[in-house]
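Residue numbers (the working numbering), protein chains in the order written: chain A, 98 to 433; chain B, 11 to 141.
Simulated from the structure, these hints should not be mistaken for laboratory data.
Any given hint could be a false lead.
Computed beta-carbon distance windows for the label pairs [claimed, not checked]:
1) A/Asn268 x B/Asn35: 12 to 20 Å
2) A/Gln305 x B/Thr125: 29 to 37 Å
3) A/Lys269 x B/Asp102: 37 to 45 Å
4) B/Gly28 x A/Lys260: 43 to 51 Å
5) B/Ile127 x A/Leu397: 22 to 30 Å
6) B/Thr32 x A/His414: 30 to 38 Å
7) A/Leu203 x B/Lys40: 36 to 44 Å
8) A/Glu208 x B/Glu140: 47 to 55 Å
9) B/Ala53 x A/Glu208: 34 to 42 Å
10) A/Lys269 x B/Thr125: 29 to 37 Å
11) B/Glu91 x A/Ser216: 33 to 41 Å
Calculated lysine-lysine pairs in the DSS-like style (CA-CA distance at most 30 Å, straight line) [what the hints assert, rightly or not]:
12) A/Lys418 x B/Lys38
13) B/Lys66 x A/Lys417
14) B/Lys40 x A/Lys418
15) A/Lys269 x B/Lys40
16) A/Lys396 x B/Lys99
17) A/Lys255 x B/Lys40
18) B/Lys90 x A/Lys369
19) A/Lys399 x B/Lys66
20) A/Lys417 x B/Lys99
21) A/Lys269 x B/Lys66
22) B/Lys66 x A/Lys410
23) A/Lys419 x B/Lys40
24) B/Lys38 x A/Lys419
25) B/Lys90 x A/Lys388
26) A/Lys269 x B/Lys38
27) B/Lys40 x A/Lys388
28) B/Lys66 x A/Lys369
29) A/Lys330 x B/Lys66
Built from N, CA and C at the ideal position, the CB exists for glycine as well.
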Amino acid sequence: MFMCSYQGNLPCRITFFLLNCTKYTCKIIIMVYIKRCFIVLLMVLPFILFFSSCKNGQKTKDDAIKQKVITQSSDSSQSRIVKLNNKLFSVPSPYQAAIFINEQELPYNSEVLNDLQTSHYNSTFFRSANLGVYGADMAYITLYEQSPDAMNYFSVIKGLAEKLQLMGAFNKSTIERIENNIGNQDSILQILGNTYRSADGYFKDNDQEHLACVVISGGWIESMYLMTHLGEKVNDALIQRVGENKIPLDNLLELLAPYSNRDQDYEKLVGKLLNLANIYERVSIDYAYIKSETDPDNKLTKVQTRTNVTMDKATLHEIKKKIGEIRAFIVKGEAV
Amino acid sequence: MIIPLFFIVTLSSAQPAGIMETCQNYFKDKYISDGQQYRALLAGEEVAEFHATFYKDNRYRLVACGARDNQTIVFNVYDKERNLLFSNKDYDNTPYWDLYFSSTTDCIIEARLDTNIQSSGIVYLLIGFEH
Chain A
98 MFMCSYQGNL
108 PCRITFFLLN
118 CTKYTCKIII
128 MVYIKRCFIV
138 LLMVLPFILF
148 FSSCKNGQKT
158 KDDAIKQKVI
168 TQSSDSSQSR
178 IVKLNNKLFS
188 VPSPYQAAIF
198 INEQELPYNS
208 EVLNDLQTSH
218 YNSTFFRSAN
228 LGVYGADMAY
238 ITLYEQSPDA
248 MNYFSVIKGL
258 AEKLQLMGAF
268 NKSTIERIEN
278 NIGNQDSILQ
288 ILGNTYRSAD
298 GYFKDNDQEH
308 LACVVISGGW
318 IESMYLMTHL
328 GEKVNDALIQ
338 RVGENKIPLD
348 NLLELLAPYS
358 NRDQDYEKLV
368 GKLLNLANIY
378 ERVSIDYAYI
388 KSETDPDNKL
398 TKVQTRTNVT
408 MDKATLHEIK
418 KKIGEIRAFI
428 VKGEAV
Chain B
11 MIIPLFFIVT
21 LSSAQPAGIM
31 ETCQNYFKDK
41 YISDGQQYRA
51 LLAGEEVAEF
61 HATFYKDNRY
71 RLVACGARDN
81 QTIVFNVYDK
91 ERNLLFSNKD
101 YDNTPYWDLY
111 FSSTTDCIIE
121 ARLDTNIQSS
131 GIVYLLIGFE
141 H
């Protein structure tokens, strides 16, 4: 005997219906069903409409950001602006993040740095991204005067540079200068800054702008990761500095956007950064212009504008989480 | 048609030997490069636009170089509302200038050739910060 009624689960109800209905019972069952469906529909409809509008709103926001990073200006007043290879967007040096962390007097913590193992970085994408990551790590180590770690991390940087055929930038003389100056933080930061700039130039000279952008992305992500993961203490300076990276993130997206369809790794990176930019939409930046003062004798202009970032702790927490996810994607590398 | 195109591609991709060293010399031993090399191939009145964020309590050095020794680059620094913060035109088109920011500021740097001297060429911009 078939043991379920029309109140059972869907397959059961269908089977029950087929096995047991007579003309009369069918009528009753159908009427009960129609009535119930109508009541359920009335109850569920407002929720469907609400979530649908939320989703559409989110989609519109994503589209707007995508549009923002992809659109080239067609305004005739901008037509004289040359956007050479779209490489006209600057991202702050990861060394400045390391300096900021050092100024916060947070204790040195090598646990947060990327692992020294690089054998799983098998593509130019991951090698370049992690060249940026290790550069930021190296700056952090240098500022904390951890010479043994500095030697190890520089050795990894050298290895990746070699695999990326960047030995023109990381040449013998540069390597010797770095190795001889380990422990002298100012010299190391200067040499590293110039070396990474040479690598940037090398990529651009050799039609590999996409890799130059990926190195910059890796450095920026790692610097944001270190800033947000080195301590639980949330002070105003950290909120300001993390919030101030709203525009640099936009600039990074502008840099990467032309290569977003190059392969799935670029696509993933841009997608994840777009998600981060979505969270950053909640960060508000107030700005006031104040006239600059110039000291011609010292060839110096003091810019006295005022910028104030407002961001709640929940947004900071979400940014931290998303940065952690993007960083994990970069340092994990691809499966062989 | 092919020859000018080839010329432009070659000109834009090849980096004249020594130009970076010349530019870099303006950093002396005091400024750390931001690790990027910004360049644009300009003709006539064209303007290259660079977007950058400068952090609070930092002194930066901007260096603008051309591919030729006698090339003069005119550069202006604006805030995001296009208020002029600095113009090297007021100081004999000096190839470098320092800016100290008392608050983090998003800027736009515009660079162009002095067309009285040259009608086309590559513009290099370097950004360094003091530590």
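- prompt: Hints broken by the structure, by number, lowest first?
  reply: 4, 6, 7, 8, 9, 10, 11, 12, 14, 20, 21, 23 and 24
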